[in-house]
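Undergrad: Quick mapping for you: the protein sequence lines, in order, are chains C and Y.
What the first sequence shows, in our numbering, is residues 1 to 115, in sequence order.
What the second sequence shows, in our numbering, is residues 116 to 229, in sequence order.
Heads up, some of the hints might be wrong.
[Unchecked claim] 20 Å max Cα-Cα, derived PhoX-like pairs, lysine-lysine: (1) 41(C) / 182(Y); (2) 64(C) / 41(C); (3) 20(C) / 64(C); (4) 171(Y) / 41(C); (5) 66(C) / 14(C); (6) 66(C) / 55(C).
The set of hints was computed from the structure by calculation and includes no laboratory data.
Keep in mind the model is a prediction, meaning the values are calculated, not measured.
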Amino acid sequence: GAVVSQHPSRVICKSGTSVKIECRSLDFQATTMFWYRQFPKQSLMLMATSNEGSKATYEQGVEKDKFLINHASLTLSTLTVTSAHPEDSSFYICSATGASGNTIYFGEGSWLTVV
Amino acid sequence: QKEVEQNSGPLSVPEGAIASLNCTYSDRVSQSFFWYRQYSGKSPELIMSIYSNGDKEDGRFTAQLNKASQYVSLLIRDSQPSDSATYLCAVNSPGSGNTGKLIFGQGTTLQVKP
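Work the whole structure out from these sequences, hints included.
TA: Right under this line is the structure:
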């Protein structure tokens, strides 16, 4: 079964609203989680690195005030898309590693559609 | 130059043939290399990881790494229609050690025709 779970798997929101996506590690403590975004027919683009108990590290070009990341516990990271616009519609995927960092587990992904 | 480059394809092979997928990367200090398979609308799933020069075999899959040439490949023997998917090459981000931060190539679409 899945060791990293994302919720919701699909969400539709209105333009201008905010939406939260959760990423949970189910049977291990994830010291680090990563958030990726994938537009249709494109590859995964890393958005940010989420470390438990500290601020996320954002990749160049990713607006930290728009994509809020919270990693409050060793099993949960959340990504909040604020003031969503149709161009934010994408497939958002998280991954998680344990303390060793040697094994990377991906969540099932979350489809966001902004209308 | 992109950090991880793949031919987007599509690569079309007949059922039973060998599919060869290639990937080059730009940073010589990269240490970990991964091949993921992604079906349309789904999250990527790990096929192979490779860390040392040479070949690594797992069932019908063989990963090949040549650090001197900054090249990693994936061979799929006896290709099946169910292998039709996008194959993503991923490299451990330079400077990140073993933290799991991956840089992905754009993916190669493989089509296996019955």
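Undergrad: Need the status of pair residue 171(Y), residue 41(C): alpha-carbon distance at most 20 Å?
TA: 29 Å, violated
Undergrad: CA of residue 66(C) to CA of residue 14(C), is that 20 Å or under?
TA: 15 Å, holds
Undergrad: Mind checking the alpha carbons of residue 41(C) and residue 182(Y) for me, to see if they're no more than 20 Å apart?
TA: 28 Å, violated
Undergrad: Residue 20(C) and residue 64(C): Cα distance at most 20 Å?
TA: Answer holds: residue 20(C) to residue 64(C) is near 14 Å, not above 20 Å.
Undergrad: For the pair supplied as a hint, residue 66(C) and residue 55(C), is the alpha-carbon distance within the 20 Å limit?
TA: Since the Cα atoms of residue 66(C) and residue 55(C) sit roughly 14 Å apart, the hinted pair holds (cutoff 20 Å).
Undergrad: Are the Cα positions of residue 64(C) and residue 41(C) separated by 20 Å at most?
TA: It is violated: about 25 Å lies between the C-alpha atoms, which goes past 20 Å.
Consistency with the previously given hints fails for numbers 1, 2 and 4, ordered from lowest to highest.
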